[in-house]
Amino acid sequence: MSDSPKKLDLAEVRESLAKAARGSGREYWRSLEHLAATPEFEELLEREFPRQAIGWSEDEDRAQGRRNFLKLMGASLALGGLAACTRQPTEYIMPYIRQPEELVLGKPLFFATATTLNGVAHGVLAESHEGRPTKIEGNPEHPATLGACDSFSQASVLGLYDPDRAATVTQGGEIRSWAAFFDALRSALAEQKLKNGAGLRILTETVTSPTMASQVAAIQKLYPGVKWHQWEPAGPHSARAGAKQAFGQFVNTYYDLSNAQVVVALDSDFLASGPASLRYARQFSMRRRVTDANPQMNRLYVVEPMPTPTGAKADHRLALRAGDIEEFAWALATGLGVAQGPKQGENGDIYKWIGAIARDLQRNKGAGLVIAGEQQPPLVHALAHVMNADMGNVGKTVFYSDPIEANPVDQLASLQDLLNDLNAGAVDVLLILGGNPAFNAPVDFGMASAIPKARLRAHLSLYNDETSALCEWHLPEAHYLESWGDARTFDGTVSIQQPLIEPLYEGRSAIQVLQMLTESPETGGYAVVKGYWAAQHPGADFESWWRLAVHDGVIAGTALPAKTPAIQGAAISQRPASHRLGGKLEAIFRPDPTIYDGRFANNGWLQELPKPITKLTWDNAAIISPATAHRLGVESGDMLRLNYEGNSLNAPAWVQPGHIDGAVTLHLGYGRTRSGRVGNGMGFNPYGLRGSKALWHDTGLEAVKIPGQYVFASTQMDHVLDTRRHIIQSGTLEEYKKNPLSIIEGIETPEPGMTLYPPWKYEGYAWGMAIDLNACTGCSACVTACVAENNIAVVGKDQVRRSRIMHWIRVDTYYNGAINNPDIYNQPVPCMQCENAPCELVCPVQATNHSSEGLNDMVYNRCVGTRYCSNNCPYKVRRFNFYLFSDYETPSLKLLHNPDVTVRSRGVMEKCTYCVQRINYAKIEAEKQGRLVQEGDIQTSCQAACPTEAIVFGNLNDPNSRVLKMKAEKRNYGLLADLNTRPRTTYLATLRNPNPEVEG
Amino acid sequence: MPDEPQVVEPPEPKQLIAPGYTFGSVTDQIATVVLTGRTPVFWLACFSVGLALLFLFLYAVALLLAKGVGIWGIRVPVMWGFAITNFVWWIGIGHAGTLISAILLLLNQRWRNSINRFAEAMTLFAVACAGMFPLLHLGRPWLFYWLFPYPNTMNVQPQFRSPLVWDVFAVSTYATVSFLFWFVGLLPDLATLRDRTLNRFARFAYGILAMGWRGSARHWSIYETASLLLAGLATPLVLSVHTVVSFDFTIAIVPGWHSTFFPPYFVAGAIYSGFAMVLALAIPLRAVYGLQGLITDKHLDNSAKVMLATGLIVAYAYILETFTAWYSGNVYEGAAIWNRMTGPYAPAYWMLISCNIILPQALWFKSIRSRPVLLFIWSMIVLTGMWLERYVIIVSSLAQDFLTSSWSIFVPTRWDWATYFGTIGLFLFLFFAFIRLLPMISIFEVRTLLPQAKVEEEVQG
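In order, the protein sequences belong to chains Z and P.
The numbering of the first sequence is our numbering, which starts it at 1 and goes up by one.
The numbering of the second sequence is our numbering, which starts it at 1001 and goes up by one.
Treat the hints with care, as some may be off.
[Claimed, not checked] Covered stretches of chain P, as calculated for chain Z (at least 3 residues, CB under 8 Å):
(1) 1063–1070
(2) 1144–1153
(3) 1161–1170
(4) 1212–1225
(5) 1415–1425
For the record, the hints were derived by calculation from the structure and aren't laboratory data.
All of these numbers come straight from a predicted model, not from anything done at the bench.
C-beta atoms are modelled at their ideal positions from N, C-alpha and C, and glycine is treated no differently.
Same shape as in the complex, but just chain Z:
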């Protein structure tokens, strides 16, 4: 800097600025011009790098230069503030002062924790990227999940980041602090102390947490008059009552399907719902792994009103009304000789297979199993207990233990008790910890009008929902990924829930809130849980024991011991009630397959997950059979008015093949009014019909057609195979044994080489996938797993209706046979990664190409969106971003994204990649260790979630890979292989094992 410039005098500038600020608006601008008119400022404005900034150069006095630079920066800031009219928000960059051990940026960590549904734990591993949980996997060491993962758990990460979650404590809608609530609570408690807590009520959902149970016990000691109520709208009420009826005590029942050769499911969807369904599905499918070497298979009879994934897997499925299943169970018990019931009845369907099933069960004593559905009345449970005991199944396929619930009660009576107290004005303080009783309590209870009768009402929940609206205080609940806790699983094994992230908002867990009622109200959740277990496991090794328990996600040896309760004499003395329709219909209430009892209504992933069988999204419906629809004169989408017990509900009809005639299945959980932006106004609310008289099914429903049409968003319109039988190859076990190849007859696979292009030799890896249709239950866990892993956008009902759903893997459902009870087949369809991929040929810009490892890669950046590839894809697995579907805006949802997968923008095509990010991760890790990727290093997301291990992915060049072995099976076939696409994803044909004694 030769021409030593005039030094900038900051003081002068400041003075000018101050002068400017004092003046009026016009003068301000004039004075700014004046200010900027100095040569220094003009230079500053015009040049990107003002002369002073070069002060760092070597030919200048360093200190001087630096000072100049700093001055200049100051001036720039001052001017910047003037030049830009908006103020940038302050942002902080927070580097690690001490980098946590094990944390390598870009490399995820996995922590064991547990989700709960109905209080029962599902052990999971949460994937954490730099401190933010992004994905849930099953915990292989947890007995309930065995490494698989259901949709509810998968979608819980979206629940964590849901922008609609309650963020702050509110009192009458005004924001308050936890301290304010604590003050209010303590003063109310002080009052209660004088009354021994007689006006204190705690309402929770089902609690299996030992810690919470001990907290409640401590509270009960402090306030002897306190009452603890539990209400779970879709809980196993009948199973509890059935155990009491059979054994005279509450007993926990669970099954071991790995020993079961003949299974009879009495309206039980044990493969896809219930606390241990993942484990049952695994065990069940292990006995269906028919190979050329071992052609053995179990046999499943299912009796149910509405087709479920379990019904679709049945070797014999009998459609009966829910109320007739009691008679069926009675008849089966009679057939087995354990009860004296009728052998004939009005409804011949009930009795037509009894003899054959009974003989089959008797042939397999100790290897048979009768499962009563959770929604079936106590008598059916009692009958199942009696049959299992008589067949010698107890201890082999059926196990009993003490209840896993901390305080098993008849929850309906418990809620009724609370209601009476509320109406009597006896409740001063009502703490509702979780749940949404105002929405989901029996309609005749009038919970919404009873709750406001309590003086101090506080509701702890994730969302400010229907119940919160009635409560003075709403307390934001911490998500399970934000809090410490514990819970038992189906066999009593305890899991410690550990948080993955600090609460995003001001949420606190139920344990923390309960702690406020104890003598040490300030103790944190961690201290409470750890303190409880320290008391359970005293000794010097507690720290290491605790660390192991938290690390493993299960506390070894906490499974409740199996016991063999004695059947009471009066167990099955009660005769089945008559369930004549009398010209009316049967109402069947069931938890929704995707949003359950309504708690997941604001979860877009679950709302958009096509429900098994119906493939409905975003809605429930009045599901009826084709014959009933004909009788009512309706088609799918026509509106019905449903009248039952003085209540009525308008709902659209959905005609479901395989549904029993004369009944209407209503899935609970829809019709929310305060669930959040996603769930509000979706579907209609069957809780408005559901009374305490019959929680699950009852006759006496009337349905009449009313004017109006409703538009459903179903992802599959055509389910019939007709001439295209080769889409789903199926056969019976007998046919398979005779000639395995007969199962895949009709598949014409052209010889390799029937293409103009020379074959590619795969030197290194050659990825491939095989899907065993005989194992797949159609539960759709793979779909949610894929959504979570691959940042797949939620598009909303209107877009789903326009067939624009973005799922990379879908589960197709096909029907074959009679419309009133067709065979139902499920088929997961990811990208086939064709060797001769039709999509690659037609892309004009080379945006989709074949990789050297056989993957059909999609280059989002290159895609211009001609959509020709999708037209030419015979499997229609390609998905297109018709709009900007991905959410780039919502701050909390940004945390959700998997950093290893591109978030796709508008106008580009996308599709299944075989989780190429996982492949590359494994390849890098293997390369670092100087080896090849081995079998088991890579699991695609769908594969990892699959409870039945139906999806197998691997290296086709590895002679030991499972996928290669599966592809060598004679049941292996390629979907639409006759098109010479040479799909890399192939299917193993599905088999049925019908009982030859059973006739249609």
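Using the hints, position chain P against chain Z.
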């Protein structure tokens, strides 16, 4: 169309234009349309309709660019809907212009002289409308240039196996050649306008456009060579463009698309719809501007005969398509045709059969061909039919292909319609602007049809 002479009778020069015209009156009548200060109400009405629809088009396109192709009814599995239908339809319409100007020129069909100018303009504007759609239908239209092989730092080139890349070349070549042919043909007439206009600005503009045409013998000699060469260039395009467009479908494996007879079928269909459009434009124009003497009933008759002939080729293709579906024994092909005839798109299919095959049989009758009003109605029927044909081929084939699980029915949205009618607006806007600003009939070529010109030729000969 090498077999064209069989269809079209050898023209009798004396019948081509009405008697009584002189060189001067021909020039006067054609040039007056442009040079007059008075604009007919008919023109104003048509131009206004075009302009209004053009604004609708602009609005629809703005919305499309702002929001994405989701505003249309396309979905999985029908990823191409109105946009590609319209593209193929418009390209097809353009074909008549090229056929008239190039092939008929080479075949010395002199009756073409009265209609070639506006037919070429029609081609140009139809191609302009058609060209919009492949761009607009892209998910990211701003990246359309990636379809061109241009040197770039990524060293990525288009994928030459894709018919869409062939389309790019075919259509851009077609547009270029059509424009050149049209413009070169305009030169002498532009000079005429330059010389006759009294408006300084118009003289300046026509002067620039006429590129210094003075009508010297040397000019005429070069002109004749150039137009013959361009005709030679354009002739294969008549066949190739729609052949390449048909490859968009035949190369794919979609049942209902994947067949070998699409190229001739598409070319015939293109000329079919193109002549329908020529009639649809010529009949009102000659009525309004009193050009019955130049565009005579003979022209209309000839055009109708071409329509009849190409319509029969199209009919043959439908029959063959059905036959092949059955004869192949391919379950998908069979189902595709069966669904087309009986499925959700059956109304569209049977309507197109009526419009394209059944009703046009009336053109066998001279009484129909000789009534311009009826011919106009018939040309509209054929245009509708041909649009439906493209729609049915594209949409019904995609909607129901291999896996029944993914079947879904395309329902056009209002923006589909807005874009479609919007391009009709663009077409009308451009065409009526052309009518007003440039001679719609080739002055100098019509003059060669006059008996006076014939005499000279004979003298020379």
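To see whether the hints hold, each was checked on the structure:
no.	hint	result
1	1063–1070	holds (count 4)
2	1144–1153	holds (count 3)
3	1161–1170	holds (count 6)
4	1212–1225	violated (count 0)
5	1415–1425	violated (count 0)
Going down the numbered hints, you'll see the structure goes against 4, 5, while the others check out.
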